[in-house]
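Visitor: Residues per chain are reported as follows:
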Amino acid sequence: MAHSYTPGLKVSAFTTVRRERKLPLAGSVLVSVGQAVEAETIVARTELPGNVQTVNAANILGVLPEDVPDCLVKPVGSAVKKGESIAESRSFFGLFRSKVASPTDGTVENVSTVTGQALIREPPIPVEVDAYVDGKVVEVHEKQGVTVETRGTFIQGIFGIGGETCGVLHVCVAGPGEALTEANLGSDVRGKVLVGGSHVTTSVLRRAIQLGAKAIVIGGFDDQDLREFLGYDLGVAITGSEEKGLTLVVTEGFGEIPMAGRTYELLRSCEGRKVSVSGATQIRAGVLRPEIVAPRLMEALPPEARADGGEPEGLTVGSLIRAIREPYFGRLGKVVSLPPELVALETEAKVRVLEVDFGDGKRTTLPRANVEMIES
Amino acid sequence: MTIPKPESIQSILATDCGSTTTKAILIERRGDEYRLIVRGEAPTTVEAPFEDVTRGVLNAIMEVEELAGRKILDGERIITPQSGTQGVDLYISTSSAGGGLQMMVSGVVKSMTGESAQRAALGAGAIVMDVIASNDGRLPHQKIKRIRQLRPDMILLSGGVDGGTTSHVAEMAELLAAADPKARLGAGYELPVIYAGNKDARKIVEERLAHKTALKITDNLRPVLERENLTPARDMIHDLFMEHVMAHAPGYKKLMTWSPVPIMPTPGAVGLIIETIAREESISVVGVDIGGATTDVFSVFQGVFNRTVSANLGMSYSVSNVLAEAGLPNILRWVPFEISEHDLRNRIKNKMIRPTTIPQTLEELIIEQAISREALRLAFEQHKALAVGLKGVQQERTISDTFEQTASGETLVRLDHLDLLVGSGGVLSHAPRRAQAALMLLDAFLPEHVTELAVDSIFMMPQLGVLSTVHPKAAKEVFEKDCLIRLGSSVAPVGPGKDGVTALRVSLEFHDGRRETLSVPYGYLKLVAVPEGQTVKAAVSPERGLDVGAGKGREREVTLKGGVVGVIFDCRGRQPFSLPADRERRLSKLTEWNDALDVYPVAVRA
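Keeping their order, the protein sequence lines are chains A and B.
Per my numbering: the first sequence = residues 2 to 377.
Per my numbering: the second sequence = residues 240 to 845.
If you are wondering where the hints come from, they were derived from the structure by calculation, not from laboratory data.
Some clues are possibly wrong.
[To be verified] Coverage of chain A stretches by chain B, computed from C-beta distances (three or more under 8 Å per stretch; other residues unrestricted):
| id | segment |
| --- | --- |
| 1 | 47–54 |
| 2 | 68–77 |
| 3 | 99–113 |
| 4 | 192–203 |
Note that beta-carbon positions come from the ideal geometry of N, C-alpha and C, so glycine has one too.
Whenever a hint applies, use it, and build me the whole structure from the sequences.
Guide: In structure tokens form, the structure reads like this:
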């Protein structure tokens with residue numbers, strides 16, 4: 002399994018980030034190519050067709066379904082108000098009148114001559130898409146949206162909750178191994194994206210919401226806290242639509258895990274900058290990881306952070322890796338050898354392995370499947 | 240690209256793109272028979288940064304090249320036909336990556352055409368996201384909302400017998416039209432909808448849906464109340480899966496051009512192989528394929544084939560959902576050592592977010608196998624609940640499409656009639672010791688009386704399933720010689736007993752004439768080595784109140800098949816089977832059972 006390592010998360014000091022901003026349905030694009038946009042700029046707008054309500058007109062009127070169209074007082078396509086009559090019938094020499102009242106404000110969409118049902122469509126629901134990041138429009142997708150490009154620092158997390166947001170970044174802890182506590186949350190966190198270290202609890206998240214923080218970026222988070230925060234046990238990692246009042250980005254995994262040093266340092270170099278954050282995660286086809294995008298100029302970077310590794314290469318001797326499974330979960334090291342032969346683990350399974358130096362000068366054997374490259 | 244004539248095929252390369260791993264196998268003709276030569280695998284690359292399934296396929300093939308010492312690829316092209324020692328004559332593939340085929344089905348009456356439509360979709364290898372029916376208890380606007388939310392890959396609309404009323408079919412078509420459903424993949428194409436209902440309503444359905452969806456019409460899947468006709472709908476699902484769904488998944492367009500044989504959904508291919516075993520050996524079979532995202536269960540009882548898929552029970556992407564559905568105590572009951580809830584929860588979630596990792600320590604392996612027991616158990620429960628007969632009508636259906644219908648709503652799955660239980664999927668096929676797979680199967684399925692156990696050796700049933708459609712001889716030979724590993728037989732008496740009191744007395748007569756008698760107490764497991772390919776004659780005498788298939792307390796003479804594990808006398812109880820409630824007692828029982836089958840390298844103790 003020469004290729005059996007997990008592609009790592011991207012942690013880049015300076016890179017180009019492009020994001021497609023598309024409507025769910027065709028609509029209008031409000032910006033043009035080359036235009037500078039801010040994260041909050043609305044770039045495209047449309048209207049989703051409203052929900053449909055049905056009413057059995059034939060039953061109410063006491064007529065055959067094929068006769069319903071003759072009873073319409075509001076023809077198909079006309080606007081109606083809730084309670085307004087859309088069809089009427091007279092019976093017993095015109096003495097008794099039956100009325101079909103519209104169950105909602107909307108438009109008469111269809112009347113079936115087979116079932117006798119009338120369909121009323123509620124008013125359209127407006128949908129807007131913003132630019133999400135400060136940048137420039139580089140492509141317009143006709144009637145669908147745009148691609149926005151920006152340059153700056155880009156960091157992927159492993160798991161997140163909550164949707165897109167933006168705010169000024171503020172590092173709340175003194176180092177990547179320090180847990181974020183309520184004591185770290187000052188009154189100045191309103192509207193900010195907060196960076197913690199190794200761990201955060203639900204009570205700290207709730208306090209941050211009270212104080213008006215927009216997002217929290219943290220190394221580790223406990224599953225028990227996740228359950229408490231969401232109010233249910235998350236079964237499948239498809240997130241992003243939670244409305245908890247805060248976006249959470251976990252960079253390392255579940256448990257108390259210091260944030261990777263490079264990630265922490267890069268975030269620290271963004272202190273005071275406006276950043277865009279998304280918690281949306283999808284660990285299935287078309288994988289989606291949460292992210293932090295900090296638009297900036299190369300010159301604004303500290304010189305030592307400017308090097309960018311470019312496209313990820315395969316695992317080689319010297320590659321920086323992170324162990325992503327017990328018993329070394331979360332530890333960072335450097336690959337010292339890649340033996341080609343299969344090696345038996347404690348479980349007796351024979352797998353491809355690599356040897357890693359975790360900084361203690363010793364060679365530790367790990368299955369290749371259990372490491373992830375730290376990409377720059 | 241044309242399919243070569245079977246007799247001219249010297250080598251076959253087959254891949255299966257799973258949600259986690261892409262597996263490639265190389266089959267060659269050696270003399271008169273086809274044999275598996277090597278197997279390679281690589282992570283599936285539907286995800287970023289690759290977002291192209293063919294990368295994983297190429298990586299898996301490169302591993303095959305390395306292991307077989309044979310050139311198959313010319314750059315990114317598979318060399319066909321074979322020329323000298325280079326290339327292969329046939330390339331085929333199955334796929335369940337990208338979440339598989341996700342369908343919504345619709346019928347008029349939920350328990351009749353709704354169920355028939357569900358069976359057609361499941362039989363074709365789909366995950367059924369929802370069954371919408373006129374009488375499903377939801378109001379029309381709720382159904383419309385649900386259809387809009389789902390975003391399936393495909394919709395199967397059925398309803399009504401031929402010549403019957405058309406109004407309910409029209410109603411369902413109108414609901415679909417009002418919902419204006421969108422496809423899951425690719426914004427720019429119309430959602431495929433198959434209509435397989437009352438033929439008199441075709442025009443009505445066309446009027447309502449043809450302009451909004453990619454509508455296809457096929458024969459009614461329930462032409463008369465007494466008969467199902469699922470094959471045309473299943474075939475149409477396979478065609479549209481290729482044309483619409485696969486063509487929009489990342490890289491599949493390219494993959495499809497590599498093979499002359501349509502890419503088949505993985506579960507559909509596994510189903511073909513399970514049906515073949517049952518038919519050829521005239522036996523009842525349960526097969527299970529536990530993957531990263533889903534678990535499929537297949538069964539054939541009395542010649543009738545069923546398949547169910549548990550969409551969110553799996554060992555990587557869905558591992559956290561196993562915890563959510565089974566509950567922590569149910570997983571912990573299988574772990575023979577202390578572990579804190581906090582720790583276990585974090586481990587499970589870390590597996591979910593990094594799904595391709597493998598257990599490195601014994602402790603991790605045991606936890607993973609504990610989770611798999613619960614995933615298998617839950618998937619089997621769901622299978623039993625869905626594999627029920629039609630309501631009181633005569634059947635005239637083909638083996639592959641139908642359910643038995645002697646009793647209303649009764650499950651067809653009878654553990655006391657089960658002859659062969661086959662496990663497949665990473666956690667079973669890759670278990671470092673075969674005894675681990677045997678015990679996982681016993682614990683999860685609780686087979687009764689006498690049952691043979693087997694595993695798919697290196698998880699190649701999907702590839703062999705699709706191969707059986709173009710080269711049945713090669714598929715059969717490889718299946719028998721290289722795929723199925725016969726683990727042995729289990730003998731499990733049904734009924735209550737008292738722990739430690741003799742439950743079974745057994746007289747065995749081995750292949751070489753050797754005789755042995757043994758007694759097995761209630762609450763214990765006993766393993767007798769009988770190698771693969773050999774049998775042992777057994778006279779099994781249960782204690783009063785216990786039944787091994789001849790009646791309570793009655794002796795049964797039976798020939799037991801051996802295997803790589805052997806013959807397992809499982810006297811831990813059936814109906815009921817239960818683990819001790821006391822923690823200490825439970826831990827010691829688990830250790831005792833693990834030791835009895837030599838399941839782990841060192842005794843794992845509390």
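Visitor: Which of the listed hints are broken here?
Guide: 2 and 4
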